[in-house]
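Asker: Let chain A serve as the given structure and place chain B on it in line with the hints.
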Amino acid sequence: MSTALTVRDSATMLRRNLLHIRRYPSLSIMLVAQPIVFLLLFVYVFGGTMGAGLPGREGGGDRTDYLVYIAPGILVMTVASVALGTAISTATDMTTGIIARFRTMDIARVSVLTGHVLGAVIKTGCAVVIVTAFVFLLGFRSDAGPLDWLGAIALLMLIAFSLTWLTVGMGLAADSVETASNTPLFLMILPFISSAFVPTEAMPAGLRWFAENQPFTPMIDTLRALVSGAPPGSDLWLAIGWCVLISLLGYLWSRRLFLRVPAK
Amino acid sequence: MTATNPAIEVAGLTKSYGDQTVLDGVNLTVPAGTVYALLGPNGAGKTTIVNIISTLLTPDNGEIRVAGFDVRREPAGVRAAIGVTGQFSAIDELLTGRENLRLMADLAHMNRATATTTVTAMLERFDLVGAADRRAQTYSGGMKRRLDLAMTLIARPRLIFLDEPTAGLDPRSRRDLWAIVREQVAEGVTVLLTTQYLDEADQVADRIGVLDGGRLVAEGTAAELKRRVPGGHVSVQFTDAAALAAAVTAHPGATPDAEALTLQVPSDGSIAGLRRVLDGLDDDGVAALTVESADLDDVFLALTGHASDAPASQTPASEEVPA
Chain A
97 MSTALTVRDS ATMLRRNLLH IRRYPSLSIM LVAQPIVFLL LFVYVFGGTM GAGLPGREGG
157 GDRTDYLVYI APGILVMTVA SVALGTAIST ATDMTTGIIA RFRTMDIARV SVLTGHVLGA
217 VIKTGCAVVI VTAFVFLLGF RSDAGPLDWL GAIALLMLIA FSLTWLTVGM GLAADSVETA
277 SNTPLFLMIL PFISSAFVPT EAMPAGLRWF AENQPFTPMI DTLRALVSGA PPGSDLWLAI
337 GWCVLISLLG YLWSRRLFLR VPAK
Chain B
846 MTATNPAIEV AGLTKSYGDQ TVLDGVNLTV PAGTVYALLG PNGAGKTTIV NIISTLLTPD
906 NGEIRVAGFD VRREPAGVRA AIGVTGQFSA IDELLTGREN LRLMADLAHM NRATATTTVT
966 AMLERFDLVG AADRRAQTYS GGMKRRLDLA MTLIARPRLI FLDEPTAGLD PRSRRDLWAI
1026 VREQVAEGVT VLLTTQYLDE ADQVADRIGV LDGGRLVAEG TAAELKRRVP GGHVSVQFTD
1086 AAALAAAVTA HPGATPDAEA LTLQVPSDGS IAGLRRVLDG LDDDGVAALT VESADLDDVF
1146 LALTGHASDA PASQTPASEE VPA
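Protein sequence lines correspond, in order, to chains A and B. If you use the numbering used here, the first sequence corresponds to residues 97 to 360, in order. If you use the numbering used here, the second sequence corresponds to residues 846 to 1168, in order.
Calculated from the structure, these hints are not laboratory results. Computed from a predicted model, the values in this text were never measured in an experiment. You may find that some hints are simply not true.
Here are some, though not all, of the chain B residues that point toward chain A, as calculated from beta-carbon distances under 10 Å [to be verified]:
#  : residue
1  : Arg918
2  : Pro920
3  : Val923
4  : Gly928
5  : Thr930
6  : Leu939
7  : Thr941
8  : Ala976
9  : Asp978
10 : Met996
11 : Leu998
12 : Arg1001
13 : Glu1064
14 : Thr1066
Here are the in silico distance ranges between beta carbons for each label pair [claimed, not checked]:
#  : chain 1 : residue 1 : chain 2 : residue 2 : range
15 : A       : Arg118    : B       : Gly986    : 25 to 33 Å
16 : B       : Ala856    : A       : Thr191    : 53 to 61 Å
17 : B       : Asp905    : A       : Leu345    : 29 to 37 Å
Glycine residues also receive a C-beta, built at the ideal position from the N, C-alpha and C atoms.
Chain A with its partners taken away, still in its complex shape (with noise of 0.2 Å):
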C-alpha cells in the first residue's frame, strides 16, 4: 500500500468521523462541558482560598490569580476529556458491522485508526477554542505574545495526538463500550496529582515526588510559560518528549490491536 494511497484512505475515514462528530453532539457537548464544570468550580467555590494560598505573591493572590494560575491544567484537562471520549467512539465503532466490511477492502487498514485520530485532534482543537473563550471571560489576562500563543497551541495539539493514540488503543482494547469509558478516566484524575491546581511544593514527600515527575506536570508547567509569556525552559522538551513516547506506544499498541486477526 503506496503512502499516497494511505493519506487518500485516512482523508477519506476523517470525514466519516466528522460527519459523526456532527450527526451525535451530545458526547462532544458533554465532553467539553467537564472541563468548564471543573473550571467554575475552581475559580468560584475554591479560587479565593487557593489564590491566598499562592506563593511567591505579597500578602497571597486573589481569585484571579488562581485562574491565572490554574488555567493551563484546565485547557491540559480539556485535551484529556476529549481523548476520554475518543476511547468510547473508537469502541463503539468497533462493535459496528462496517468496521468487518472496511477489514475485507483493499484499503490502508491504519486509516481507520488514522481517521478517528485526526477526527480527534480536530474536535480537541474545536474544544480548547471554547475553554479558552471561558477562561479570558472570566478574567484571564496575559502578556503572552502572538508567538507564545502559537506555541501553547501547538503543545496542545500534541498532547491531544499522544493521548488520542493512548486512547483509541484502550478503546480497542476495551471489551465493552462500559469498559471503554471507564479505562481512561484516570486520564481525568492524573491532573489533580500534578501542578495543575496547586504547586507541588505544598504536597506531601510522596505524593510530591510522584507529581513532579508525571508526564502532565512538564506539561502543564510549559504551557504555564508560554501563555504568561515566560521562557518555558527545559520542562519543554520534557513535555515534547513525554508526547512523543506516549504517541508512539499508542501508535504501535493500537495498530497491533486493531491488525490482528479477530478472535473469533
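Answerer: Then chain B, alone, in the frame of chain A:
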C-alpha cells in the same frame, strides 16, 4: 486470473477453536462466473468458510486460493477482487445512504466525478433514491440489505460472497435479491452464498454444497441432490382419530401426529408413488392432502442420518459417514 482458473479453490481446509472443530477438511471448487451455494444449518461452518475466504479469519490448514491469490500470503490481492455482504448489516448507521455509498466509492479510489455518478446510479438501481439523504439508522430491514449490497457492488468486484443474504427478508425483497444475484452472474461475476433453505439454493445456484458439522457431505446441482434424496412426502389430514389409526396400519413407515390428526407418508413425488399412498387411504376420513417435495430436513436426514436441527454433540463429526 484466466477463464480456465477456478475463482475459488479450497483444499483440505480445517479450522478449530480450542478443541472445538469448526471445519474438518473442506474441499470445494467454484468455477469463474458461476453461483455456488453452501447449504447447511446453524453451526455447520458456513460463516467460518466465508470469513476465511474473505481474509477475516486465518485457516489452521489448507490451500485456499481466491481469484488466483493465496488468502494467507496475498490477502491484498484477494481483497481487491472480492465484495462481501455478511450476516450482520455492514453499513454506517449514522451516515445517510448516499454518504455510505460515497464512502465506498472513495475507498475504491474513484475520482470525484465517477464517484458522484456511480453513487447516483447505485441509489437508483437499488431503489434508494427517496431515502438517499436519510440516516441509514431509519431504514427498514429490506432497505438496509439493499444498501449493504449496493455498497458491496459499487466497486464492481469480480467475486461476491453473500452470507445468508435473505435472512429476515420478506418474500418480495428475497426475489429482488435473487434478481440482483442473477444480474451479477450475467455480467460474469462469481457468487458464493450461504443459506439454510434448499429452495433458495435451488433458485439461484449452479452447484450446491451441503455442509454439516464442518464437512461437505454432498455436492452437486439441485437436481442431482434431489435425486439422491427420496425425501418428499404426502401429508394427510384426517377428520377423526379412527381414520388416522386405520391409515397408520396401512402405512407402517409413516409418521402420525395424534394431536393434529395428520400423517406424513414418505413419497418420491412420482404418480406411481402417490397412487400407492392413496390406495391405503379411506376417502371418507381424509379432510385434506398436500404433496411436499424434499426440504432441507429431508436432505439432511438422507445425507447425514440425522435431522438438521439435532445438536452436533449427539453425533460426533468423526462418526458421520458422507453419503
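Asker: Hints first: check each against the structure and report whether it holds.
Answerer: Results of checking the hints against the structure:
Look at arginine 918 of chain B: its Cβ only gets to about 15 Å from chain A, farther than 10 Å, so that hint breaks. A cut of 10 Å between beta carbons decides the hint on proline 920 of chain B: the least distance to chain A is about 9 Å, and the hint holds. With a cut of 10 Å, the hint placing valine 923 of chain B at the interface with chain A holds, because the nearest CB-to-CB distance is about 8 Å. A hinted interface residue such as glycine 928 of chain B counts as satisfied when its beta carbon comes closer than 10 Å to some beta carbon of chain A; here the least separation is about 8 Å, so the hint holds.
Satisfaction of the interface hint for threonine 930 of chain B is found here, the shortest Cβ-Cβ separation to chain A being roughly 9 Å, below the 10 Å cut-off. At its closest, the beta carbon of leucine 939 of chain B sits 5 Å from a beta carbon of chain A; the interface hint therefore holds under the 10 Å criterion. For threonine 941 of chain B, the interface hint holds, since its Cβ comes within 10 Å of a Cβ in chain A; the closest pair sits about 9 Å apart. The criterion of a C-beta within 10 Å of any C-beta in chain A is not met by alanine 976 of chain B, whose closest approach is roughly 16 Å, and the hint is violated.
Given hint, aspartate 978 of chain B at the interface with chain A, is violated; its Cβ is 13 Å from that chain's nearest Cβ, farther than 10 Å. Annotation: methionine 996 of chain B was flagged as interfacial toward chain A, and the flag holds, the nearest CB pair being 7 Å apart, inside 10 Å. Hint status for leucine 998 of chain B relative to chain A: violated, with the closest Cβ pair at about 13 Å, above 10 Å. For arginine 1001 of chain B, the interface hint is violated, since its Cβ never comes within 10 Å of a Cβ in chain A; the closest pair sits about 13 Å apart.
Taken as an interface hint, glutamate 1064 of chain B does not check out: its beta carbon lies about 25 Å from the nearest beta carbon of chain A, beyond 10 Å. Annotation: interface hint on threonine 1066 of chain B violated; nearest CB of chain A at approximately 29 Å, more than 10 Å. In this structure the supplied range 25 to 33 Å holds for arginine 118 of chain A paired with glycine 986 of chain B, their Cβ-Cβ distance being about 26 Å. The beta-carbon spacing between alanine 856 of chain B and threonine 191 of chain A, approximately 35 Å, falls outside the hinted interval of 53 to 61 Å.
A C-beta distance of roughly 32 Å is found between aspartate 905 of chain B and leucine 345 of chain A, which places it inside the suggested range of 29 to 37 Å.
Checked against the numbered hints given earlier, this structure breaks hints 1, 8, 9, 11, 12, 13, 14, 16; the rest are met.
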